[in-house]
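Same order as they appear, the protein sequences are chains Y, P, H, A and Z.
Here the numbering used here is used: the first residue of the first sequence is 1, the next is one more, and so on.
Here the numbering used here is used: the first residue of the second sequence is 1, the next is one more, and so on.
Here the numbering used here is used: the first residue of the third sequence is 1, the next is one more, and so on.
Here the numbering used here is used: the first residue of the fourth sequence is 1, the next is one more, and so on.
Here the numbering used here is used: the first residue of the fifth sequence is 1, the next is one more, and so on.
Derived from the structure by calculation, the hints contain no laboratory data.
For each residue, glycine too, the CB sits at the ideal point set by N, CA and C.
Hints may be right or wrong, so weigh each one.
Calculated pairs, EDC-like style, for lysine to aspartate or glutamate (alpha carbon to alpha carbon, straight line, at most 16 Å) [unchecked claim]: (1) H:LYS189 / Y:GLU70; (2) Z:LYS72 / A:GLU22; (3) Z:LYS168 / A:ASP129; (4) P:LYS107 / A:ASP181; (5) Z:LYS96 / A:GLU192; (6) H:LYS163 / Y:GLU94; (7) Z:LYS6 / Z:GLU69; (8) Z:LYS96 / A:ASP181.
If you want a taste of the chain H side facing chain Y, the calculated C-beta under 7 Å gives, among others [claimed, not checked]: (9) MET162; (10) TYR166; (11) ALA173; (12) GLN176; (13) ALA182; (14) MET184; (15) GLY185; (16) VAL186; (17) ASP187; (18) ILE191.
Using C-beta positions, here's what the derived DEER-type ranges look like [stated by the list, open to error]: (19) A:SER4 / P:ARG72: 56 to 64 Å; (20) Y:GLY133 / H:LEU157: 24 to 32 Å; (21) Z:PRO277 / H:PRO131: 47 to 55 Å; (22) Y:GLU105 / A:SER308: 41 to 49 Å; (23) H:LEU156 / Y:GLU105: 27 to 35 Å.
Listed here are the chains, written in short residue letters.
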Amino acid sequence: MLELKSVDAGYGTFQALFGVSLDVKAGEAVGVIGPNGAGKTTLMRVISGLIRPRAGTITMEGADVLKTPEHRIVSLGIAHVPENRRLFPRLTVEDNLKMGAFMPEARAHFAERLDFVFDLFPRMKERRHQMAGTMSGGEQQMCAIGRALMSDPKLLLLDEPSAGLAPVVVQQVFELVKRIRAGGLTVLIVEQNVQQVLKVVDRAYLLEAGSIRASGKSSEMLADDSIRQAYLGV
Amino acid sequence: MLEVEGLVKRFGGFTAVNQVSFKVDRGEILGLIGPNGSGKSTIFNMLSGTFQPSAGSIKFAGAEISGLAPHRIINRGIGRTFQIPRPFHRLTMFENVALAGYFGQGKHSRVKAEEAAERALGMVGLPTDRTAAVDGLGAAGLKKLELAKALATGPKLLLADESLGGLDETEMDQAADMLRKIRDELGITIIWVEHIMGVLMRVVDRVMVLDHGEKISEGLPSEVSNDPRVIEVYLGTDADATQAAAAEARR
Amino acid sequence: MTDIFDIYLLEAMVNGILLGGVLALLALGLNLIFGVIDVTWICYAELVMIGMYGMYYLVQVFGLPYYVAAPFTILLVAGLGALLHWLVIAPLLSAPPINQLLATGGVLFVLQSFATVAFGIDFRNLGIRMPVLKFADMHFSYSRLLAFAAALIGMLLVYFFMKRTYIGTAIRAISQDRQIMALMGVDTKRIYLNTSALGGALAGLASCLLVLQYDIHPFVGLSFGPITFLICVLGGLGNFVGGFVAAFVFAEIISLGGLFSDLEWGYVLAFAFFIVMMFIRPAGLLARRS
Amino acid sequence: MRQSLPWIAGAALIALPFVYREPYHLHILILILIWSFAYTSWSMMGRFGLVSLGHGGFMGVGAYVTALLWNHLGVSPWIGIPIAMLAAAVLAVIVAYPCFRFRITGHYFVLVTLALSGIVLQVITATRDYTGGSLGYTPDRTKGNHLWALQFDDKLTWYLIALGVWAVGLLIWNWVDRSMDRYALEAISEDEDAAAAAGVNVTWEKLKITIISALMTSLSGALYCQYQMFISPDTVSGISVSLQMVFAVIVGGLYVSLGPTVGAVITILLAEILRIGFGTKAVGWDNLVYGVLLVVFIIFLPKGILGSIIDRLKTLRKA
Amino acid sequence: QEKKIKIGVIYDLTGPLAGGGSELQYTGAKIMLDSYAKKEVEGYKIEAVYADAQSKPDVAINEAVRLIEQEKVDMLLGFFSSAQCVPVAARVEQLKKFMWITTCISSAVLENKNFKYIFRPQASGDQFGMIAMDFIEKNSKAKFGKEPKDLRVAIIHEDGAYGVDVAKGNVAGAKKAGFNVVMKEGYSATAPDLSALVTKLKRARPDVIFHTGYNPDITLLLRQAREQGLKFGALVGHGAGYGVYEKLKEGLGGDVNHFFNVDPISIWLANQKTMDPKLPPVIKMVGEEFDKAKPGIAIRSAHVGMAASNTYVFLTEVLPRAIKKYGGVDPEALRKASMEVDLPEGGTMLGFGVKFHGEGTPMAGQNERSFPVVIQYVDDKSYVVWPKSQAQREAVLPLPAGTTYSDK
Ligand SMILES: Nc1ncnc2c1ncn2[C@@H]1O[C@H](COP(=O)(O)OP(=O)(O)OP(=O)(O)O)[C@@H](O)[C@H]1O
Ligand SMILES: Nc1ncnc2c1ncn2[C@@H]1O[C@H](COP(=O)(O)OP(=O)(O)OP(=O)(O)O)[C@@H](O)[C@H]1O
Ligand SMILES: [Mg+2]
Ligand SMILES: [Mg+2]
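Isolated chain Y, as found in the complex:
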C-alpha cells in the first residue's frame, strides 16, 4: 500500500533521514521504534507531505505521493495524527472534527463519520462544544485521533499516540489501534512505548540516527536481544 524507497530528508542544512526504505501492506499494522531524535517524526512528516524529501520515492497505492500537492495527500487516504496532537485550540471539539472532514470527498459523509468517532470516544460527544485547547492531554489525544478518522482514511499515521496518557487510556489507545485494524484500516505507528506497541503491530522497523537498523515481525523484534537491551530496559 505505502512504499518508501531510499528517502533522504532533513531541515535546512541538517539531515534527519538517510536512505530510509520501508513498506506497509494493506491491512497491516506496522510500528516504527527508536530513541529520541532518531527521525521518527520526520519520517511521518515526509509521508504525509508536511516536509518534502530531498531524495527517494514515496508511493501510496501506486500513486506518487511526491507529485501530489501537499493538501491533496489526504485524499490519497493518508491521515496523520501529529506528535503533540496539534489540535486547533480555539475551535470547539466539533469544529476540530469538522476540519478533519474538510476534503470535499469527506464532507458528504460528515454525519456518519461523526457518529463513528463519537461512538469510539463518548467523551468527545460530551465535550463537543468545549474549546479543544482547554481539554486535558488525554482528551486532546482522543480528539486528534478522532479528527484523523473523520477523513475515512485507508492509512492512519500515528505519532506517539500514547504519550502522556493514563495507563488505561494507553491500553485503550492500543485496543483502539487493534480495532481500527480490524476495521480494515492500515496503521503505521511510531511509539516510545516499545513493549506495548510491539504487541499490537505485525511488523516493526527500528530507526536509529535516521537510518533503518533493523526490521521484522514484532515477535522477532521482541525476542531480539539487542533491542531488548536498548529499548525494553531489560
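Dock chains P, H, A and Z with the ligands against chain Y, hints included.
Chains P, H, A and Z with the ligands in isolation, oriented as in the chain Y frame:
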C-alpha cells in the same frame, strides 16, 4: 509541610477539582496519578499560583499561600515544572536556569544565581557552559532543563508534572533516579505527576489518585495499585504497575 | 438641564446608531482579517480609500450608474486584498506578527502616496445626493440607512459563513496551526488568498457606501483606520456580533459626547471607554466570562 | 581596540561641530539625535515584544506639559521637564498596570496603547484654549536668562545637549541589556506563565521597563519642544508619531543598541533626500519610495539594517 | 559674480492643505516668479527654489531652515497655513532672514511679536471675521427684519490657527454689532463625523452661520447639515475651503448657491477702473498662464490671484527699491525697502493698497491697507457684495425660500 484543605477549581460551570484535601510531609515523594483530565495539572497550577483556587486553603510551611501571586509562591519555596516544557528560546540554556536562580530565590544576587544555575545544571546532567543554546536540546534535554529551572529556584517542595513523557526507556530510568537523588541529596519534597506507572511506583513513597477532580484513593503504592477503583478508572491491567507494587511490597 | 433632554438628544442618538452602521461596516472586513486569520492590515482603511477612488472614476469619469460601478469596485478591492496578501503578507507569515503590522504600515504609505500621485490631492466627490427621511423634527439620510442595512446583512452573512461552512471553519483554524492545515486537506495558500479577497471585498463594499457620505482624498483613511481597529478589539477579535455591537457603542459615545461638549471629547470618551473596557472585559464586549 | 572604540567615536562626535559648522547639516544632526533618543526609548520596550503605539502620547505629554508650564505658570523647563516626565510615567502606569495585571498582550496591548495616543492627541486638540489645539503651540521666547529657559539660539549648544542625552539613552539601553531584568523580560516575552514559575514578578518587571521607557520618551518630547520651539499635536503626539517610532526602530534594528539610532539616521536622511531630490517636481513620490523601501526592508531584512549587518559579520567571522 | 536674488518658496503640494488651496497659491506665485525669471530686476536675476511643506508644520520649519541655511536663499516667500506661518516666522526672525507672507492670515503670526523682517501684504484674520459681521450687521434690519441684537448668529470654525483667528475676528465683530451669539465652537478639520455639531446647530437655531473651514470638513458639515435638516438664513464662509468654488460645487451641488465667502478679492473680480492702469495686463497674463496650467476651470480661483498679486508687489515695489536704494538684497535692505512701500487703494491687483505697520506697533509687519471683501456665489458666478465701494451687485439675502437650507 504542605496542607491542602477542600481545594476546588471551577471553569465556568465545570468543576475540574472538587474538594481535594491532602498533606505532604517533609522529604516525601508523593505520586499524583489519575486519568487524563482528572485535575492533576490544575492542582499544580493552583499550588504554584498560576490559577486562583475557587475555594479551599493551601498551607505551606504553616502559612496560607492560596491566592498569592506565582512569583511569591516560588519565592517561598515551591518550584514547578510544566507538563509540556516551556524553555525560553531567546536565552541560552545557562541563562534560562540563572534567571530562575536570580528571581526564584527572591535574593536577587547575580553571583548566587549563577552558582545555583551551575549546581542545578550539574544535578540534572546538562552542560554548564554559558553559550549552549536551548534549540539543540531534544525531548529528554528539555525535560531536564525544565527540572533544572525548577531546582535553581531553590525549592523546598518540587512539583514535577510528567517529567518522563516522551522519553525512551533508558532515559526514563535516569530521570527517575534523578528525582530520587534530588530528594535524597537536597532534601527536597516532591509531588510527582506521571502516567508511566512502572517507573513512578518504584520511586514514590505514597500515591494519591484523582478521578473527575476528586480524590478516590491514597496510600502506599502497593495498596493503591490493588485498589479496585483505581484499577478500574486508571491502571487497567497494567502489568508494570502491579509488578512494581509487588516489588515495593517485598522491600 | 431641561433643554438637554429634547428631540435633539434623540436625534443625536439615532445619528449615533447610523454612524455605528458605517463603523460596523468598516469593522466587518477588518475583523475577518485581523480577528480571524490573525493577520494585520494596518492599511485596511487605505484599501477603502482606493475603493472610493474606484467608485469615483467609474461613476464620474466613465459614467457608469452607481449600482453597476459598485460590484466592479468590490471586485477591484477584493483583488487588491489578494494582491496585498500575496506580495506582503505571504512572505511574512512566519515572521513575528509585528512585522506584518509594520509592512502593511509601509503599504499604508504607499497607498496614500500612490493616490496622491495618481489622483492628485484634490478632494473628489461622487456628486450623488441621496434623499433624506424626515420623521418629526428629525432627519435621517438614506446613505446612512443604507450603510446600516449593509453592515447588518453583511455581518449576518459573514457570521453564518464562518460558523456553518467548511471554508469558514478552515479560516478560523488557519491562524491557530498553519503547518498542519495540509493534513486536513486544506490548501493554505488558497484559504489565505480567498480570505484576503473576501476581506478586500468587504472593504470594497464599505467604500461603495462611504463615497455616498464622504469626500474622497488620499488621507481619508486616517479618519477611520484607528477607530475601526479599536472597534474590532472592543467587540472581541473575530467576534462579528461583538464588533457590530461595539461599533454602535462607540458611535453613541462619539455622538452623545460631541453633543454635550466639544466634538473631540466624544472621541476622548470613546477612547477612554475602550481602555476601561479592555480591563473589565479583555476578551471583548460580548465574551462569556470564563 | 574594541574597548576604546566607543570612546574614540564619542570624542569624534563631540569634536564634530567645532570642525564642521554647516548649520543646516547640524540642524539635521540635532534632530537625528533627538529622534534617536526617542526611538531608543521606544525600543527599550519594543525589543521585549511590548509593542506600544502609545509612545506618541508620552512624547506629547513631555512636550506639552513642559511648554504649558512655561507659558502659563512661568515654570522653568528645568523643573517643568521633570514634572512632565513624572506625568508621563503616571500616565504609563495608569494604562500599563491594568494591562499587565490582566494579561493584555500582543495585538490587544498594541491597540490599548494606540487608544492611549489617540486620547492624548484628542485631549490636546480639545483643550485648544490652553494648548492651541491642532494649530500647534510655541513656548514663549525668554527675555531673560537663556539657560534658565533652556532656550539657546546657537546650534552648537543644542548639538551637545542632544548628544549627551542620546548617549545617556544608549547607556540606559546597555545597562538594561546587561542586567538580569533583560533575562526576565526576554522570558516574559516568550511565556509569561513560565517566567512567573521561575519566580519573576511579571507585572512589576513589565511595569518597570514601561516606566523607564515612558520617562525617556517624554524627555525626548520636551527636548524636541525646546529645540524646535514649536510643537503641534501631529508632530509630537498621536498615532502617526508612534508608528514613526516603530518604523524607524525596525528599519535600524530592534535588538541592537545602536539600531534605533541607525533607524533615525536612515529614516530622516531618506525623507530629507527624497524630499529634496524629488521635491516639488514629483509630488508625492517621496512617500511612495519611502513606503516601498519600508515594506522591502521588513520582508527582506527583518532584523533591521544594523542587525543584519552584525549577523553578516558574525557569520563571516565564523567562516 | 552674477547678481541674483534667490527666493525660497514654500507651499503645500501634498497633504490635505494642498487641496484646500495651497497648491493654487503655489501656482499663482510660480506664474509670477516665472514671468520675472526671464527678465532681470535692476540687474538681478530672480531664482526661485520651491519646497513642499507637505501640509505639516514641522516639515515647513525644516524646509525653511534648509532653504535658508543650505540653499542659502536670500528670503522666503509663501506659506498657506497659519499653523506653519506662526512657527516659521519665529524661526526666520531668529535667523534674521527676510520673509514675505503671501497667504496665511492669522493675526497670531505678527501680533505682539515685534518682528523686524516678516512682512505680510495680505489681510489679517481679524479683518476677515470683522468684515463678515459688518456686512451682516448692515443688512440685518433690511434683509432679516431684525434688530442686530435679535439676530441669532453661530460661529463655527476649524481649530487651526486660521479658523481660530477668523473666529476671534468674528467674535469681536459680533460684539461690536451686538448680535446674539447662540453658539461658538471649534472642531478639528480631520474629524470623520460632524453630525453632533449639526445637531447642536439645529438646537441653537441661528439666523446666520459664520463658518471657517478647509475643504473636506466644509463638505462634510454641509452634507450632514442637509441630511439632518439644518435650516438657516445665510451662511458666510471665510476663505480657505470656501474660496475653492469648484470643490464646493462638486461636493454640494446646487446647495452652494447664495453662500457668501470672505476673501481677498479675486483679481479677476476686482474693480479694474479704480486700479492702477499697469495692473490689468498683468491680471490678464496671470489668467492666461493659469488656464494653461489648469485648463477647464469655471471660476478662476481667488487663491491664484492672491499669491500672484502679493508676489508681484514684492517684485515691483520692494525688490527694486532694495537694490537701488539700499544696495542689495540682504534682509536689512529688503526690510527698509518694505517699510517704504506706500501704495494707495487700487495700487494692487487685489484692490487694496499697501503700507506696513511700523516697528513698535502691535501688528508690526502687517499691511494696514489690506481688506478682504465679501463675495456671493450666485448661479455659478461670484459677485462682490461688500464693501459697498467694491460691490458688483446687491446681496441675495436671506436664502431664497425653497432652497435646501432655507429656513423660510
Ligand atoms: N523543525 C526542525 N528543524 C530542525 N531540526 C529538526 C526539526 N525537527 C526535528 N529536527 C531534528 O531532526 C532530528 C529528528 O527529529 P524527529 O523529531 O524526527 O525525531 P523523533 O524520532 O521523532 O524523536 P522523538 O522521539 O523525540 O519524538 C532531531 O535531531 C531533531 O533535533
Ligand atoms: N482553562 C480551562 N478552561 C476550561 N477547562 C479547563 C481549563 N483547564 C483545564 N480544564 C479542564 O479541567 C480538567 C482537568 O484538567 P487537567 O489539565 O488538570 O488534567 P490532568 O489531570 O492534568 O490531565 P492529563 O493527565 O491529561 O494532563 C480537564 O477536563 C480540562 O478540560
Ligand atoms: Mg517524534
Ligand atoms: Mg496534566
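Do the hints match the structure? See the list:
A C-alpha spacing of about 11 Å is found between H:LYS189 and Y:GLU70, which places the hinted pair at or below 16 Å, so the restraint holds. The hinted pair formed by Z:LYS72 and A:GLU22 meets the criterion: a straight-line CA distance of about 11 Å does not exceed 16 Å. For the proposed pair Z:LYS168 and A:ASP129, the alpha carbon gap of about 12 Å is at most 16 Å, so the pair holds. Between P:LYS107 and A:ASP181 the CA atoms are separated by roughly 14 Å; this keeps the pair inside 16 Å, and the hint holds.
The hinted pair formed by Z:LYS96 and A:GLU192 fails the criterion: a straight-line CA distance of about 58 Å is larger than 16 Å. Our distance criterion of 16 Å between C-alpha atoms is met by H:LYS163 and Y:GLU94, whose separation comes to about 11 Å. Simply put, Z:LYS6 and Z:GLU69 have alpha-carbon atoms about 12 Å apart, close enough for the 16 Å limit, and the pair holds. Using a Cα cut-off of 16 Å, the hinted pair Z:LYS96 and A:ASP181 is violated, with the two alpha carbons roughly 51 Å apart.
Because the beta carbon of H:MET162 sits about 10 Å from the nearest beta carbon in chain Y, more than 7 Å, this interface hint is broken. Here the hint on H:TYR166 is kept, as its CB sits about 6 Å from the closest CB of chain Y, short of 7 Å. The closest approach between the C-beta of H:ALA173 and any C-beta of chain Y is roughly 4 Å, which is under the 7 Å cut-off, so the hint is satisfied. Against a cut-off of 7 Å between C-beta atoms, the interface hint on H:GLN176 holds, since the closest Cβ of chain Y lies about 4 Å away.
Checking H:ALA182 against chain Y: minimum C-beta separation of about 4 Å stays under 7 Å; hint holds. For the restraint placing H:MET184 at the interface with chain Y, the shortest Cβ-Cβ distance is roughly 5 Å, inside the 7 Å limit, so the hint holds. With a least beta-carbon distance of about 4 Å to chain Y, the hint placing H:GLY185 at the interface is held under the 7 Å criterion. Look at H:VAL186: its Cβ gets to within about 6 Å of chain Y, closer than 7 Å, so that hint holds up.
Annotation: interface hint on H:ASP187 holds; nearest CB of chain Y at approximately 4 Å, less than 7 Å. Given hint, H:ILE191 at the interface with chain Y, is violated; its Cβ is 10 Å from that chain's nearest Cβ, farther than 7 Å. The given range of 56 to 64 Å is broken by A:SER4 and P:ARG72, whose C-beta atoms sit roughly 46 Å from each other. Range check, Y:GLY133 to H:LEU157: Cβ separation about 28 Å, and the 24 to 32 Å hint holds.
Taking 47 to 55 Å as the suggested C-beta distance range, the pair Z:PRO277 and H:PRO131 conforms, at roughly 53 Å. About 46 Å separates the C-beta atoms of Y:GLU105 and A:SER308, a value consistent with the hinted range of 41 to 49 Å. Between H:LEU156 and Y:GLU105 the beta carbon distance is about 30 Å. The supplied range of 27 to 35 Å therefore holds.
In terms of the numbered hints stated before, the structure departs from hints 5, 8, 9, 18, 19, listed from lowest to highest.
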